[in-house]
Amino acid sequence: GQQLNQSPQSMFIQEGEDVSMNCTSSSIFNTWLWYKQDPGEGPVLLIALYKAGELTSNGRLTAQFGITRKDSFLNISASIPSDVGIYFCAGRAVSGYALNFGKGTSLLVTP
Amino acid sequence: DGGITQSPKYLFRKEGQNVTLSCEQNLNHDAMYWYRQDPGQGLRLIYYSQIVNDFQKGDIAEGYSVSREKKESFPLTVTSAQKNPTAFYLCASTPHGGFGNQPQHFGDGTRLSIL
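Residue numbers (the working numbering), protein chains in the order written: chain W, 6 to 116; chain V, 31 to 145.
Bear in mind the hints are in silico, worked out from the structure with no lab data behind them. These figures come from a predicted structure and were not determined experimentally. Be aware that a few hints might be false.
Taking lysine-lysine pairs in the DSS-like style, the calculated list, with each CA pair at most 30 Å apart, reads [as the list claims (entries may be wrong)]:
1. Lys75/W x Lys108/W
2. Lys101/V x Lys39/V
3. Lys39/V x Lys87/V
4. Lys113/V x Lys87/V
5. Lys87/V x Lys56/W
6. Lys75/W x Lys87/V
7. Lys101/V x Lys87/V
8. Lys56/W x Lys108/W
9. Lys75/W x Lys44/V
10. Lys39/V x Lys108/W
11. Lys87/V x Lys44/V
12. Lys108/W x Lys113/V
13. Lys100/V x Lys87/V
14. Lys100/V x Lys113/V
15. Lys56/W x Lys75/W
Quick partial rundown of chain W residues pointing at chain V, CB under 10 Å, derived from the structure [claimed, not checked]:
16. Leu9
17. Pro13
18. Thr36
19. Gln42
20. Gly45
21. Ala57
22. Leu104
Beta carbons: idealized from backbone N, C-alpha and C, even for Gly.
Construct the complete structure from the given sequences, taking the supplied hints into account.
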């Protein structure tokens, strides 16, 4: 499988700030997924994207499928302490079969 | 509630010992997957099964084995041939095989450590 380039690796922000993270691939993808993982737990799906240019929101979270089909970003608005965790991007290449995962963005939010 | 159950939550292995991690789902999903997660790394695919009695190797299958005798169960055996087994293991499932555009839903993981 292909390793996705996810950035930043970690973020340390204050409550109320907006957050942005992104993921890039070397191949064209037909699916982008964003997951959140709490310590010692499995990843939980936040947003799924299936079309280039697609912009989808889930509460304070917004994600977009890049028009080049090689990138995606996730924004979190007005962060709160419970947003703490590791956020993973995952995607499936047009020519591939399995999900490819980024290394994650670790988010810390101080009250 | 429907979901994916992994057990045990924590597992310890002695040198030269095989251990089996359990994954059960009551979602009636056809496809199931095993991933390995190391600190600071993304998930890497070990094995996957798109249908009962069939499974395929993923990117890092060496030192692991699986079986899929029942639709709801996909146990993973970490054999003594796996020289660096300490990791967090995640099981996932999707409604259908063939991957397609289905997001994967994960269990809560098993943390395996070497004694």
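Status of the hints after comparison with the structure:
About 16 Å separates the Cα atoms of Lys75/W and Lys108/W, which keeps this hinted pair within 30 Å; it holds. Between Lys101/V and Lys39/V the alpha-carbon distance is near 22 Å, which keeps this suggested pair within the 30 Å criterion. In summary, the hint linking Lys39/V to Lys87/V is supported, as the alpha carbons are separated by about 24 Å, within the 30 Å threshold. At most 30 Å may separate the alpha-carbon atoms for a hinted pair to count; Lys113/V and Lys87/V meet this at roughly 18 Å.
Proximity of Lys87/V to Lys56/W is assessed by CA-CA distance (about 29 Å); at most 30 Å being required, the pair is judged to hold. Of the pairs offered as hints, the one joining Lys75/W and Lys87/V holds, with about 26 Å between alpha carbons and a cut-off of 30 Å not exceeded. In summary, the hint linking Lys101/V to Lys87/V is supported, as the alpha carbons are separated by about 18 Å, within the 30 Å threshold. Using a Cα cut-off of 30 Å, the hinted pair Lys56/W and Lys108/W holds, with the two alpha carbons roughly 23 Å apart.
This hinted pair does not check out: Lys75/W and Lys44/V have alpha carbons roughly 43 Å apart, beyond 30 Å. With a C-alpha separation of about 23 Å, the suggested pairing of Lys39/V with Lys108/W holds against the 30 Å cut-off. With a C-alpha separation of about 25 Å, the suggested pairing of Lys87/V with Lys44/V holds against the 30 Å cut-off. Proposed proximity of Lys108/W and Lys113/V is supported: the alpha carbons are some 23 Å apart, at most 30 Å.
A C-alpha spacing of about 18 Å is found between Lys100/V and Lys87/V, which places the hinted pair at or below 30 Å, so the restraint holds. The suggested pairing of Lys100/V with Lys113/V holds, with an alpha-carbon distance near 29 Å, which does not exceed 30 Å. Under the criterion of a C-alpha separation no larger than 30 Å, the hint pairing Lys56/W with Lys75/W is consistent with the structure, at around 12 Å. Taking 10 Å as the C-beta contact cut-off toward chain V, the hint placing Leu9/W at the interface holds, the least distance being around 7 Å.
A hinted interface residue such as Pro13/W counts as satisfied when its beta carbon comes closer than 10 Å to some beta carbon of chain V; here the least separation is about 13 Å, so the hint is violated. The beta carbon of Thr36/W is positioned within 10 Å of a beta carbon in chain V (closest approach about 5 Å), and the interface hint is therefore held. Annotation: Gln42/W was flagged as interfacial toward chain V, and the flag holds, the nearest CB pair being 9 Å apart, inside 10 Å. The beta carbon of Gly45/W is positioned within 10 Å of a beta carbon in chain V (closest approach about 7 Å), and the interface hint is therefore held.
Given hint, Ala57/W at the interface with chain V, is violated; its Cβ is 13 Å from that chain's nearest Cβ, farther than 10 Å. Because the closest C-beta pair between Leu104/W and chain V is about 6 Å apart, less than 10 Å, the hint holds.
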